[in-house]
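Participant: Given these sequences and hints, build the entire structure.
There are 2 protein chains.
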Amino acid sequence: MSVYRITLGTPEELVPTKFSPKSKIEVTPLSIEHAKELHFKQTARGLLVEFPLNPGNEVYGFGLQLKGFRQTNRKKTIRPNADPISNTGDSHAPVPFFVTTEGWGIFVDSARYVEFNCGYTKVSTASTAAHSELKSEFSEIYAKREASYPTVFTIDVPHVKGVDLYIFKGENMLDCICQYNLFSGGGCDVSLWGLGNLYRCHLEFNEKQVLEMAEKFRKMEIPCDILGLEPGWQSCSYSSSFVWDSERFPHYKETFEKLKNMGFKVNLWEQGFVHPSSPLYEKLLPYSGDYKVWDGLVPDFSTDGARELFVKHHEELQSLGVKGYKLDECDGSDYTGHWTFPLCSEFPSGMDGEQYHSLFGTLFLQTMMQVHGREKTLAEVRNLGALASSYPFVLYSDLYNHKDFIRGVSNAGFSGLLWSPEVRHAESKEDLVRRVQTVVFSVQSLINAFYLDDMPWIDKDCTEEIKALLELRMALVPYLYTAFYEYKTAGKPPVRALVCEHPEDKNTHELWDEYYFGDSIIVAPMTAKEESRKVYLPEGQWYGFFDGKKYEGGAAFEVTTADIPVFVKSGTVLPLATPVQYIEKDTQFEITLYCYGNTEGAVAKLIEDNGFEYAEDARVLRVNDHTLTVESYRYGIKEIKRIP
Amino acid sequence: MSVYRITLGTPEELVPTKFSPKSKIEVTPLSIEHAKELHFKQTARGLLVEFPLNPGNEVYGFGLQLKGFRQTNRKKTIRPNADPISNTGDSHAPVPFFVTTEGWGIFVDSARYVEFNCGYTKVSTASTAAHSELKSEFSEIYAKREASYPTVFTIDVPHVKGVDLYIFKGENMLDCICQYNLFSGGGCDVSLWGLGNLYRCHLEFNEKQVLEMAEKFRKMEIPCDILGLEPGWQSCSYSSSFVWDSERFPHYKETFEKLKNMGFKVNLWEQGFVHPSSPLYEKLLPYSGDYKVWDGLVPDFSTDGARELFVKHHEELQSLGVKGYKLDECDGSDYTGHWTFPLCSEFPSGMDGEQYHSLFGTLFLQTMMQVHGREKTLAEVRNLGALASSYPFVLYSDLYNHKDFIRGVSNAGFSGLLWSPEVRHAESKEDLVRRVQTVVFSVQSLINAFYLDDMPWIDKDCTEEIKALLELRMALVPYLYTAFYEYKTAGKPPVRALVCEHPEDKNTHELWDEYYFGDSIIVAPMTAKEESRKVYLPEGQWYGFFDGKKYEGGAAFEVTTADIPVFVKSGTVLPLATPVQYIEKDTQFEITLYCYGNTEGAVAKLIEDNGFEYAEDARVLRVNDHTLTVESYRYGIKEIKRIP
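Sequence lines, in order, name chains A and B. Every letter in the first sequence is one number past the one before it in this note's numbering, and letter 263, counting from 1, is 263. Every letter in the second sequence is one number past the one before it in this note's numbering, and letter 479, counting from 1, is 479.
Some hints here could point you the wrong way.
If chains are identical, the list can't say which one is meant, so a pair holds when it fits in one copy or spans any two.
[As the list claims (entries may be wrong)] Derived DMTMM-like pairs: lysine to aspartate or glutamate, alpha-carbon spacing no greater than 20 Å straight-line: (1) LYS67 <-> ASP83; (2) LYS122 <-> ASP290; (3) LYS429 <-> ASP459; (4) LYS312 <-> GLU282; (5) LYS122 <-> GLU346; (6) LYS41 <-> ASP290; (7) LYS41 <-> GLU346; (8) LYS208 <-> GLU33; (9) LYS122 <-> GLU282; (10) LYS429 <-> ASP461; (11) LYS253 <-> GLU316; (12) LYS169 <-> GLU102.
Read the hints as simulated data drawn from the structure, not as lab findings.
Facilitator: Here it is as structure tokens:
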């Protein structure tokens with residue numbers, strides 16, 4: 001396993017690798033002479049890299065693409081954007097990395113808005129004869145515009161005189177993705193409680209209302225680990241003061257104590273723009289960009305000065321026991337007007353606005369990880385970019401189309417990102433149930449009620465259904481925690497599109513609305529408007545998670561169900577926990593082993609570790625279809641069930 | 001009247017002025033020392049220009065902006081785009097020119113994707129005290145984000161070492177716009193028949209179906225001057241062969257003869273991508289870019305070679321009597337995938353893809369004007385950019401939101417562009433009527449039925465209403481032709497937003513859904529979903545066009561009407577023609593003079609000229625509220641009516 005670095009020209013100094021964690025994989029420098037198919041040249045626009053793309057080699061990646069999936073023949077511009085309304089590359093978390101079904105990928109080490117043309121036809125390379133079928137067929141014209149002969153892939157890095165390319169040559173597509181994640185420092189180490197349910201309260205709730213909501217969860221016995229406070233906790237936000245609002249939270253210390261006693265972890269909304277009324281403002285002036293956003297400073301989080309001021313300022317919050325932060329608005333948007341700094345901004349580190357725009361979320365997040373110190377978390381951020389695999393932060397969006405959110409789930413895994421298809425309001429009971437079904441089968445189970453007075457299921461008359469789903473989520477925690485362990489150690493994304501595992505199976509190439517959840521489960525979410533849906537299952541045998549029905553894979557099935565279509569691979573020993581309301585340091589999970597089909601020789605892994613703080617104490621417990629006892633403070637086996 | 005040119009650094013060679021018509025206004029070079037407030041510097045990203053923007057000085061322009069109007073405090077990136085779905089600057093026709101309510105404007109002579117930051121706040125310039133009201137007011141947060149203190153305007157020209165700025169300092173805002181248009185070569189000289197109604201037939205119609213449609217118009221006595229043929233006339237399109245389809249049009253010559261005899265002018269769809277099956281293909285190879293689009297060549301229309309081949313090839317079509325071309329797809333889109341050449345393309349002229357993308361529509365259009373020779377036209381194009389005022393080509397879009405289309409009408413006039421809110425299908429009878437009402441009060445009355453088997457009003461049971469509207473359009477032709485004459489000679493846009501005339505009136509600053517149609521009429525279109533609408537009328541007295549009701553201006557009125565709200569300024573002598581079915585070289589319009597309020601001393605101008613071919617024969621006839629005879633082959637006065 002090795003990554004190759006090719007240096008073209010003279011790269012810029014301020015690039016993603018300068019700010020990224022240490023690679024967990026060896027990097028081998030490669031001379032351009034050894035990459036004969038690759039050409040580059042300097043143009044008026046920057047550095048241009050060009051190489052051939054074979055017919056049938058499909059391209060994926062470029063970060064959290066909510067509007068597109070298979071990117072072959074498309075143009076992607078790597079530009080952070082808070083409102084990615086079209087399939088242009090604009091994204092909360094665009095990443096200059098792609099992977100192909102041939103099992104190789106390229107990372108472009110640049111904080112510029114790199115442009116990828118993923119297979120265009122040159123006059124010199126085109127076989128004109130092949131395209132006579134295009135003749136006057138209006139109705140099908142749009143479907144036919146993609147080339148079936150070799151095309152040219154170009155990477156256009158603006159404004160630079162050189163760039164480092166990192167080439168990942170995997171044994172297969174998934175291996176290539178794993179390599180990228182290991183190069184990024186490995187997958188993230190998440191807190192165990194972070195996999196529980198997260199509920200964000202209305203942004204204007206005061207401490208009394210927050211406590212009432214917390215008590216309501218416990219009284220109704222709806223599992224909830226984390227309560228999120230939105231901007232209203234601060235005396236000023238948009239831009240932010242970073243201090244408590246004395247009217248809403250006069251007794252914040254007592255409030256924290258009470259929430260802690262109820263088993264809640266508190267997550268606080270923050271934003272990287274510092275209001276003049278903030279105690280941080282004056283001190284941050286030398287460490288900020290020259291433009292304001294919402295009248296606030298934009299700290300240069302790549303400077304020690306800004307980081308130290310933030311860490312120092314957050315000491316009191318940490319001492320209260322804040323367990324996570326939601327880092328909002330760090331993506332910025334061209335679409336919403338005056339919402340971010342211009343590209344011509346200048347920052348003390350020497351970055352311009354374009355570079356800082358690409359790195360803002362990552363650098364802000366790194367600062368907040370410094371705030372957390374040794375405490376593990378699973379928190380939220382609205383902008384990430386290159387080499388973000390090792391950060392326990394989940395992306396989210398103000399968009400809300402359920403299909404787009406599902407596309408985000410399968411897309412994020414190509415590029416070392418985590419994404420939650422969060423639930424806010426719902427159009428109907430069915431819409432709410434379908435959305436919660438999706439979110440419990442994602443990396444973070446998030447109900448974001450920041451503009452809702454009450455839990456969204458109360459007025460939809462479906463409390464029992466939602467409660468059952470949030471309990472199901474708790475049952476899945478040990479299984480998901482294992483998947484995260486594989487992410488951390490081997491780079492394998494906990495959630496990933498089917499094409500990652502089956503690149504040779506063309507049926508998976510456009511399949512964005514199904515995904516692997518861990519190693520053994522395929523999830524095919526449904527939306528409110530669908531009465532049934534088509535599900536494709538890869539070669540092999542599969543069992544319905546809810547009904548135990550057997551499916552012969554390598555085919556598509558029309559599925560009609562009120563449950564979310566979920567399928568377990570034959571041969572799986574699936575460990576499901578008896579749901580707890582919330583996770584504590586000493587929580588022991590009571591496990592039932594569900595054995596699907598012939599599980600002879602199969603094992604499930606269970607990860608026993610601290611779960612709350614970073615520690616090198618992980619034990620991998622292997623349980624098979626006969627395990628009835630394990631020696632573990634974290635897990636106990638309750639029973640074994642066989643399907644069928 | 002004078003335009004100032006400031007040269008910053010060393011400008012690129014391939015810029016809009018290199019390809020634009022001769023300025024009709026004197027240009028005075030100005031040294032940077034005389035523009036003290038203006039600063040510029042070279043950055044890694046290109047050339048950066050910076051100057052202050054006063055509070056209250058509002059910014060407009062940047063071309064055909066369908067999604068935005070007042071651009072103050074916004075960022076606009078000048079990038080052609082076939083699918084401008086958000087207010088980013090992306091546009092079928094983006095223009096690096098803006099105008100302010102203070103009466104000055106700047107044109108940036110660049111074919112790059114110039115970025116304008118129209119008033120951002122610098123840390124150094126901001127008065128923090130002014131913004132204490134931002135504190136924790138969530139619900140109103142978005143409305144309050146615009147600065148009320150002096151801001152910085154920046155122009156970021158990527159990739160260049162220098163640029164020419166042209167500064168227009170007008171007596172007022174409208175004068176500034178007129179200067180820009182005169183600098184662009186003056187407003188366009190349109191064919192008289194071009195102001196009649198244009199109907200585009202279904203793209204798959206054969207010659208028989210086209211003739212039947214033509215006969216139907218004449219039989220139903222619905223005025224129609226121009227019939228448009230869509231891609232189906234060609235043997236191959238997407239990309240295009242530029243030769244007749246022998247199955248659909250085996251007798252195209254006879255068809256043309258018949259259409260001509262019925263008084264129709266024919267407009268042909270074309271596209272700038274040349275299919276391998278085209279007789280032009282091989283010859284164009286040396287004059288084309290290195291990438292293909294839809295398997296077709298992209299001719300470099302800035303080369304004599306490509307132009308000459310196109311002109312030569314179109315000789316037969318011209319001899320048939322083609323009167324106009326619709327130049328499609330020359331905008332390209334990042335949003336629709338493989339739809340245009342990449343920015344790294346290289347063209348024989350030395351342009352790269354970014355430069356050619358900015359100039360493609362203009363250069364293609366210039367080639368087709370060469371094809372037309374001395375024949376006047378009013379045709380269609382889907383991409384334009386800088387300095388396009390002198391081209392008799394109207395922009396259109398595949399978008400179809402009626403409100404966006406109305407916004408296009410008021411926006412186009414800021415930047416020397418023409419735009420038609422074309423009518424295609426309709427959701428309902430009301431939708432169709434409201435859309436046709438809008439289009440007859442625009443520069444081009446276009447029914448684009450390219451995917452409709454029949455006239456869209458037939459199955460909506462509103463033929464009589466639509467017929468009346470298309471007749472009204474014919475009544476307006478002389479008035480509109482005069483407005484175009486003012487455009488050509490003085491640079492005054494025939495249709496324009498109210499703010500152009502009333503920059504000091506803040507009520508007009510956000511008013512994108514009303515516009516001046518010529519000098520004396522204000523149009524306030526309604527959409528199907530509105531039962532009533534608010535109409536603001538500027539200072540002065542106004543009369544309802546349909547009901548003669550009197551309004552005291554300087555106020556807003558709630559208007560409920562099945563007609564389109566149209567208002568005529570008191571003191572207007574409005575010449576309306578008795579509708580004809582179509583316009584011929586010797587058409588004489590029978591005019592009724594409508595005199596609104598006190599018309600003592602007022603005159604209406606009527607333009608008598610060839611109308612079909614370019615000729616310096618224009619006579620301006622001035623008729624007042626007593627004129628009953630004029631000596632003119634074009635106009636006769638029928639009667640005078642007084643309102644009230």
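Participant: For each hint, tell me whether it holds in the structure or not.
Facilitator: Hint check:
Taking CA atoms no more than 20 Å apart as the test, LYS67 paired with ASP83 passes in both settings, with 11 Å inside one copy and 15 Å between copies. Proximity of LYS122 and ASP290 under a CA criterion of 20 Å is satisfied inter-copy only: 6 Å between copies versus 43 Å inside one chain copy. In this assembly of identical chains, the alpha carbons of LYS429 and ASP459 lie at most 20 Å apart only when taken from the same copy (9 Å versus 39 Å across copies). When the C-alpha separation of LYS312 and GLU282 is checked against a cutoff of 20 Å, the pair qualifies only within one copy, where the shortest distance is 15 Å, while the shortest distance between copies is 70 Å.
With identical chains, the CA atoms of LYS122 and GLU346 are at most 20 Å apart between copies only, with a shortest distance of 11 Å across copies and 39 Å within one. Taking the closest pair of Cα atoms, LYS41 and ASP290 come within 20 Å of each other only across two copies (16 Å); inside a single copy the shortest separation is 34 Å, beyond that limit. In the homo-oligomer, the alpha carbons of LYS41 and GLU346 lie at most 20 Å apart only across protomers (13 Å), although the nearest pairing inside one protomer, at 28 Å, exceeds that limit. When the C-alpha separation of LYS208 and GLU33 is checked against a cutoff of 20 Å, the pair qualifies neither within a copy, at 68 Å, nor between copies, at 63 Å.
For the homomeric pair LYS122 and GLU282, the shortest alpha-carbon distance between copies (15 Å) is at most 20 Å, but the shortest distance inside one copy (55 Å) is not. In this assembly of identical chains, the alpha carbons of LYS429 and ASP461 lie at most 20 Å apart only when taken from the same copy (7 Å versus 40 Å across copies). In this homomeric assembly, LYS253 and GLU316 come within 20 Å of each other (Cα to Cα) only inside a single copy, at 10 Å, whereas the closest approach across copies is 86 Å. With identical chains, the CA atoms of LYS169 and GLU102 are at most 20 Å apart within one copy only, with a shortest distance of 9 Å there and 59 Å across copies.
Checked against the numbered hints above, the structure breaks only hint 8 and satisfies the rest.
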